[in-house]
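Make a model of the complete structure from these sequences and hints.
Protein chains in written order, with this note's numbering: chain L, 1 to 106; chain X, 107 to 212.
Accuracy of the hints is not assured; some may be wrong.
[To be verified] Estimated spans, in silico, between C-beta atoms of each pair: (1) L/His69 x X/Asp121: 15 to 25 angstroms; (2) X/His150 x L/Thr61: 35 to 45 angstroms; (3) X/Thr113 x L/Ser91: 35 to 45 angstroms.
[Unchecked claim] Negatives, chain X to chain L, calculated, CB over 12 angstroms: (4) Asp114; (5) Asp119; (6) Asp121; (7) Thr131; (8) Glu142; (9) Pro143; (10) Ser146; (11) Phe168; (12) Glu178; (13) Asn181; (14) Asp198.
Hints are computed from structural coordinates only; laboratory data are not their basis. Just so it is clear, CB atoms sit at the ideal spot from N, CA and C, and this is done for glycine as well.
There are 2 protein chains.
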Amino acid sequence: MDIADVTDRRTFDDDSFQKSNLFETDRMFSDVYCFEPGQSQTPHTHENADKVYYVLDGAGTFVIDGAEHTLEEGNAIIAAAGEEHGVRNDSDERLRTLVFMAWTTE
Amino acid sequence: MDIADVTDRRTFDDDSFQKSNLFETDRMFSDVYCFEPGQSQTPHTHENADKVYYVLDGAGTFVIDGAEHTLEEGNAIIAAAGEEHGVRNDSDERLRTLVFMAWTTE
Numbered sequence: 001m002d003i004a005d006v007t008d009r010r011t012f013d014d015d016s017f018q019k020s021n022l023f024e025t026d027r028m029f030s031d032v033y034c035f036e037p038g039q040s041q042t043p044h045t046h047e048n049a050d051k052v053y054y055v056l057d058g059a060g061t062f063v064i065d066g067a068e069h070t071l072e073e074g075n076a077i078i079a080a081a082g083e084e085h086g087v088r089n090d091s092d093e094r095l096r097t098l099v100f101m102a103w104t105t106e
Numbered sequence: 107m108d109i110a111d112v113t114d115r116r117t118f119d120d121d122s123f124q125k126s127n128l129f130e131t132d133r134m135f136s137d138v139y140c141f142e143p144g145q146s147q148t149p150h151t152h153e154n155a156d157k158v159y160y161v162l163d164g165a166g167t168f169v170i171d172g173a174e175h176t177l178e179e180g181n182a183i184i185a186a187a188g189e190e191h192g193v194r195n196d197s198d199e200r201l202r203t204l205v206f207m208a209w210t211t212e
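Rendered as structure tokens:
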């Protein structure tokens, strides 16, 4: 058992977006990602893992297999295994997302 | 790819707490759970799955291996595989939680 206060996870950095880990096990992790305006997560692909983003604060552009989706606070999106995915904060406000990733275990 | 507006997931029912599925794959699901005051999820155990709860609205009592933890909006808790876990809404307000569960794949 472990508890996290997600409202406290605000680790912004001028150099790049930041990840703050909440939980991790053998089969999943949960993080908070913090993006200053203009910061992004480069699109990438996990062949054997699904990732869910949930927007905590602000708005972001989520790029899934090249298609762009603007999500606001309270929206969620999944990038299933094999789908290229990235995030851009094109807004003038800070963006925070919850992230959950689950991967295939052996 | 799929998108969900979590703010719209408010499927309360007087008979019991309700689950509203957001996403599901071969290795994980994501739901919203909606509890009226007094409703609960009976403690149970998954031997090969980890579950994360994130409180969207309200407050709840999360019981992990018999220990009670009161969480409010913006708090998260993990019940790792093998840990008995349940939820009670002891408050006078509605409780909504995000839920993420990841399980061992074969």
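Taking the hints in turn, this is what the structure says about them:
no., hint, in the structure
1, L/His69 x X/Asp121: 15 to 25 angstroms, "violated, 36 angstroms"
2, X/His150 x L/Thr61: 35 to 45 angstroms, "holds, 39 angstroms"
3, X/Thr113 x L/Ser91: 35 to 45 angstroms, "violated, 18 angstroms"
4, Asp114, "violated, 8 angstroms"
5, Asp119, "holds, 22 angstroms"
6, Asp121, "holds, 26 angstroms"
7, Thr131, "violated, 5 angstroms"
8, Glu142, "holds, 21 angstroms"
9, Pro143, "holds, 22 angstroms"
10, Ser146, "holds, 18 angstroms"
11, Phe168, "violated, 8 angstroms"
12, Glu178, "violated, 9 angstroms"
13, Asn181, "violated, 6 angstroms"
14, Asp198, "holds, 22 angstroms"
Hint compliance for this structure: hints 1, 3, 4, 7, 11, 12, 13 are broken, all remaining hints hold.
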